[in-house]
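Colleague: Protein chains in written order, with numbering that gives the first Met the number 0: chain A, 0 to 344; chain G, 0 to 344; chain F, 0 to 344; chain P, 0 to 344.
Please keep in mind that the hints were generated in silico from the structure rather than gathered at the bench.
Among the hints, a few may not be true.
Which copy is meant is left open, because identical chains are indistinguishable; a pair holds if it fits in one copy or across any two.
Capping the alpha-carbon separation at 27 Å, the derived lysine-lysine pairs in DSSO-like fashion look like this [unchecked claim]:
hint, residue 1, residue 2
1, Lys-41, Lys-140
2, Lys-140, Lys-185
3, Lys-119, Lys-203
4, Lys-3, Lys-109
5, Lys-1, Lys-334
6, Lys-140, Lys-109
7, Lys-226, Lys-254
8, Lys-334, Lys-41
9, Lys-203, Lys-185
10, Lys-3, Lys-66
11, Lys-185, Lys-40
12, Lys-185, Lys-119
13, Lys-3, Lys-334
14, Lys-254, Lys-185
15, Lys-254, Lys-66
16, Lys-203, Lys-163
17, Lys-3, Lys-266
18, Lys-162, Lys-40
19, Lys-123, Lys-91
Listed below, chain by chain, are the residues.
There are 4 protein chains.
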Amino acid sequence: MKIKVGIIGATGYAGAELVRILLTHPMAEISAISSVSFEGKKLSEVYPSYKSLCDMECKTQDEAIEKCDVIFAALPHGLSQELAAQCDALGKAFIDLGADFRLESEDDYKEWYNGEFLDKELHKKAVYGLPELFRDDIKEKRVIANPGCYTTGAPLALAPAVKKGLVSTDGIIIDSKSGVTGAGRKPSQGSHYPELNEGFHAYKAGSHRHTPEIEQTLSRLSGKSVKITFVPHLLPVNRGILSTCYARINPGVTKEQIRKEYEEFYKDEFFIRLLSDGENADIHNIKYSNFCDISLHVDGRTNTLVAVSAIDNMVKGAAGQAIQNMNIIFGLDEKTGLVIVPPAF
Amino acid sequence: MKIKVGIIGATGYAGAELVRILLTHPMAEISAISSVSFEGKKLSEVYPSYKSLCDMECKTQDEAIEKCDVIFAALPHGLSQELAAQCDALGKAFIDLGADFRLESEDDYKEWYNGEFLDKELHKKAVYGLPELFRDDIKEKRVIANPGCYTTGAPLALAPAVKKGLVSTDGIIIDSKSGVTGAGRKPSQGSHYPELNEGFHAYKAGSHRHTPEIEQTLSRLSGKSVKITFVPHLLPVNRGILSTCYARINPGVTKEQIRKEYEEFYKDEFFIRLLSDGENADIHNIKYSNFCDISLHVDGRTNTLVAVSAIDNMVKGAAGQAIQNMNIIFGLDEKTGLVIVPPAF
Amino acid sequence: MKIKVGIIGATGYAGAELVRILLTHPMAEISAISSVSFEGKKLSEVYPSYKSLCDMECKTQDEAIEKCDVIFAALPHGLSQELAAQCDALGKAFIDLGADFRLESEDDYKEWYNGEFLDKELHKKAVYGLPELFRDDIKEKRVIANPGCYTTGAPLALAPAVKKGLVSTDGIIIDSKSGVTGAGRKPSQGSHYPELNEGFHAYKAGSHRHTPEIEQTLSRLSGKSVKITFVPHLLPVNRGILSTCYARINPGVTKEQIRKEYEEFYKDEFFIRLLSDGENADIHNIKYSNFCDISLHVDGRTNTLVAVSAIDNMVKGAAGQAIQNMNIIFGLDEKTGLVIVPPAF
Amino acid sequence: MKIKVGIIGATGYAGAELVRILLTHPMAEISAISSVSFEGKKLSEVYPSYKSLCDMECKTQDEAIEKCDVIFAALPHGLSQELAAQCDALGKAFIDLGADFRLESEDDYKEWYNGEFLDKELHKKAVYGLPELFRDDIKEKRVIANPGCYTTGAPLALAPAVKKGLVSTDGIIIDSKSGVTGAGRKPSQGSHYPELNEGFHAYKAGSHRHTPEIEQTLSRLSGKSVKITFVPHLLPVNRGILSTCYARINPGVTKEQIRKEYEEFYKDEFFIRLLSDGENADIHNIKYSNFCDISLHVDGRTNTLVAVSAIDNMVKGAAGQAIQNMNIIFGLDEKTGLVIVPPAF
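Next up, chain A with everything else stripped away, as it sits in the complex (with noise of 0.2 Å):
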């Protein structure tokens, strides 16, 4: 019998990926599709593209949770707590695509939502869904918060190297390169097509939302407290992130042993692609699925790593994600559903 899903926010761009990808998923169906903007109208009114394919009406939140053996929320932050409340008390599993399960700290969860932590408990029911980063921890769980776009592929390309000890945890450096959809549908001038069009810069230099979430990670990972410098910037392009990571290599560490750790770390993981020496990370090549590729560059003349990674945002950054950790909480393959092969153009 199939993973009876729901989900919350449907109309928005992570609801609408998460119903493009689960259309096709071999053990799940989508069940109920909530939007509150769009309420009785059917998902093809739209989004076009779903004619014929998925004609569903949307209904009410409550109808969606009903129904459903998991729900997914795509909403604002600040909107999930009490509706994973409410999943948790009817002993349905709850992915939440936003952030308000992300961070750990309540503190920083005050200082950089300016919200708070509703339900102290529900929050340490909760997990961080980073399978590849945290996959033991995920299996057993029912409230998952399902990583911000940024915050997927940036610790991905610096996980083996700050696990490892091989740079140093100061003065790392992250410079992200965002495709337009990781700003939503909601049209504004910044994504009006003629300004955006031909058009790039960095936003939010320094006091992106993201960084707590990154540091978080890269702390757990390392055992120390890691503070980074993270610039995002807005590419005109659809999909993608692209992030280079800068990291000073710690003292005797060699190219070849970064390299050998990185095959080592990620040896077992399909969605990771380990690019070899020479080739460049694109988000061009991961396009519409769950990779995230990465490439390996020493600049040895400052002794600095290189860490690149691309995926794209709504995938591996998003709905393809949550459906992985879905996979796993429901003791699927990880990969039911989700071998996407990524277009060649």
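Given the coordinates of chain A, assemble chains G, F and P onto it according to the supplied hints.
Modeller: Chains G, F and P only, in chain A's frame:
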């Protein structure tokens, strides 16, 4: 047991797209790929997006033919006739994505392609593989001429009107706009990013090779000899063809009647999505999929039908339709492996 | 002494483009700009590209009118009639980039814009400002209706053929493709980057407001009442309109004759570049400039003239042409300030 | 009397851009153009956007040199040294857009370009033409090494901080993103539209040839030997380079102090636009112009200065700066012909 598939010309764009779709086809497996330019190389070296999904090596044509039940040939025009003969002799199905078998008239083939029919009997065995229009003819055949990209979308937009006599077959105008992948993988000045980006132009106005092929289809449907004016344009996007087709509505035919005939004509066709009044076919909504979206517009002031179709030139216009033909000749459900959800963005 | 220019609606796209061009016009200076939405703001706050070049503050309409010799109004349709009256009363030239004075027939204006002529005498004083076709009428006028974007390129492509009787005025089809700036600066779902990028569609097929305006021009040139089929499309580029125009060639008219008449017709027109046989008009080649490139193609099989024009919708289709009109009515060389080199990339 | 300008390598992108700008320069005229690949062809045949504006024919190098007062050479690296000697002997000014004279150290030139200094005396006569930093050195010179594209934007972003000792010169990281025109006009797989569009990747991480040139400038400014980590990326846009530069702030230096020093440093520089706090440099705002926009961001959590610059790689990064250098050595106002308004879209 799965159908064993061979792809000759696997490293071109149509070949690469065959690989993308066949990798998730439940009833077929790629048994061999061949490429003259990249013999001995892995496909994933040519297209890094396929890394870990298709690391097969490119072999010779003979190796590919030997191992397989069906051969897809995605070759430059003129190279398929001998190959088809070879496959036919060995009792293997042959699906040609090139032009060698598309035109029934050798005179037309001489005029437009400057070639000749090497084996006239073989040409009689071949069939034009546009399933929605000529499905019954395809079923028993083993040599399939897969239509060109422009020659799928435009005829599908006009077919019901032409077949049912709703419009005059005189003075039909087809104004098509294609994404760049239609020009293939070989770099040229015209496809050099800075010179194509932010540009748009017509090319080969009134003299494109797909003209006689479209005329052949419309003539077959109408029972008359149809001549059209066909003007293709190059769009600065990767994929998709939008064809805006103009035809004079015959006296007495109403807008309602046109819609009704279209609905009737396509009512069982999964891959044709007839849009509602007020909607516009958009290449954005069919990308990566085998769908053909059609919108109908009647200009009452001039009594003109404007039928607009959108297809992915690489899927319904090439690889997807080829696989649809394979499904037909192997007795599979036509949709097998082709229920690809077009991404919402 | 320089002409004192006021721009009302300076923060819209047409307004911004007027500023861009006028800033380097040797015989005019921007004396005042006005904007309802951004009153009190500097233009460079709205468009940071103008920083240090145009840091003028947006004033009220009245302040703008008072200071200036000529007023350009780039306002939503319906807001120009009273303004024109006000300028006329004060003896100031008025160049309207909106639609209020474009249609000579009040019936047409009612039908397509749902408006009426507030002051019929003022409408008689106004002139339709398409210099290459109606230059002599413009010289003495002080109220100029600057043509819409689609209504410049398509008529220029067809004018010689229609005026000289080379083609039938029945059954003319105009298939136009416009860049996104044509839809203005206000964000909307349709101009949201991820939903427009890699997309292409027709809109308002057979029912766009520019239809009667094109017909008015072609009727005036031919001396007959011309009806056209007009279908605009939205291109994923910032700028440019390509219009592919189809007309049946009259019996006995040759390809050579057509070319000769076009050459004769446009021989003194700096802004019209008639391309050679084999060349294709491309929006890439006229970006940011006031040129209209025209290429001619004859489909001998169906005896159809395909005339293709490319203009920058924001320059020859709006601000540039408006300044060309200003040059005419102020007795300057028409090219003054408008010899803008279209970048090669 | 106007300066007579010759352009050698006029059909490459930098050459074409020199033409674009010089065509409207009030004090210079293009007297001859030269191209090996297109000798005998009109420039407007190579770049149809220049039709009727520059229909000059490409001549030999010698013809170009003979006629002109100043020669711009936009050639592949290695071809300029002999040409410079020839011009020098004839008493003609020589402005090299290639790399032959950029590096002061012959060892560096050998290491990074695998070349040698043919005439060491001539190299001593040459000067590095980055006016905002080294204007006084340029005035009297006749052989100008125009900086490379990456090597203009990044040093301008860092110059005040490095010169005034506000940041450590250890551990500087420069993460640059360039538009495609930086790779030139020759088609290649990497610049083939379908493979670049919707893609983004780093290349030559830590090993790009512009590294020693940036280091040379920063070393000269700081008086110390500076080593940097430099990683360029390829953006799917035509024009522009955004450089995100990271440097550790020296103890005791405040955010306010940094801003003040930048303001002081650049207060008389027309082409440098120092943005206000909260604004972000964007390549969208400097396209087609000679401006360098700089935004400053201080990450107080890690005490890091993030200085971001945006230039048009083809203007301030090539042709525009070359003309700026010409203006300097001919005693003209530096802005002459270079007050180009960057379009708002």
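Colleague: Is it within a copy, between copies, both, or neither that the alpha carbon of Lys-140 lies no farther than 27 Å from that of Lys-109?
Modeller: within (25 Å within a copy, 60 Å between copies)
Colleague: Checking an output row: Lys-3 and Lys-266, CA cutoff 27 Å. Within, between, both or neither?
Modeller: neither (32 Å within a copy, 31 Å between copies)
Colleague: Should Lys-254 paired with Lys-66 be assigned to within, between, both, or neither, using CA atoms and 27 Å as the limit?
Modeller: neither (53 Å within a copy, 43 Å between copies)
Colleague: How would you classify Lys-226 and Lys-254 at a CA-CA limit of 27 Å: within, between, both, or neither?
Modeller: Answer is both: 24 Å inside a copy and 19 Å across each meet the 27 Å cutoff.
Colleague: Go through the copies and call it for Lys-185 and Lys-119: within, between, both or neither, with a Cα cutoff of 27 Å.
Modeller: So Lys-185 and Lys-119 fail the 27 Å test inside a copy (32 Å) and across (44 Å) alike.
Colleague: Treating 27 Å as the Cα threshold, decide for Lys-41 and Lys-140: within, between, both or neither.
Modeller: So Lys-41 and Lys-140 fail the 27 Å test inside a copy (32 Å) and across (41 Å) alike.
Colleague: Under a CA distance limit of 27 Å, which applies to Lys-140 and Lys-185: within one copy, between copies, both, or neither?
Modeller: Classified as neither; 33 Å inside a copy, 45 Å across copies.
Colleague: For the identical chains here, do Lys-3 and Lys-334 meet the 27 Å Cα criterion within one copy, between copies, both, or neither?
Modeller: both (18 Å within a copy, 24 Å between copies)
Colleague: When no copy is specified for Lys-334 and Lys-41, does a C-alpha distance of 27 Å or less occur within a copy, between copies, both, or neither?
Modeller: between (29 Å within a copy, 24 Å between copies)
Colleague: What label fits Lys-203 with Lys-163 when the C-alpha limit is 27 Å: within, between, both, or neither?
Modeller: Only across copies: Lys-203 and Lys-163 sit 26 Å apart there, 31 Å inside one copy, limit 27 Å.
Colleague: For Lys-1 and Lys-334, with the copy left unspecified, which applies at a CA distance of at most 27 Å: within, between, both, or neither?
Modeller: both (16 Å within a copy, 22 Å between copies)
Colleague: Within a copy, between copies, both or neither: which one fits Lys-185 and Lys-40 at a CA-CA cutoff of 27 Å?
Modeller: Both: 18 Å inside a copy, 26 Å across copies.
Violated hints, listed in ascending order, are 1, 2, 3, 4, 12, 14, 15, 17, 18; each of the other numbered hints is respected by the structure.
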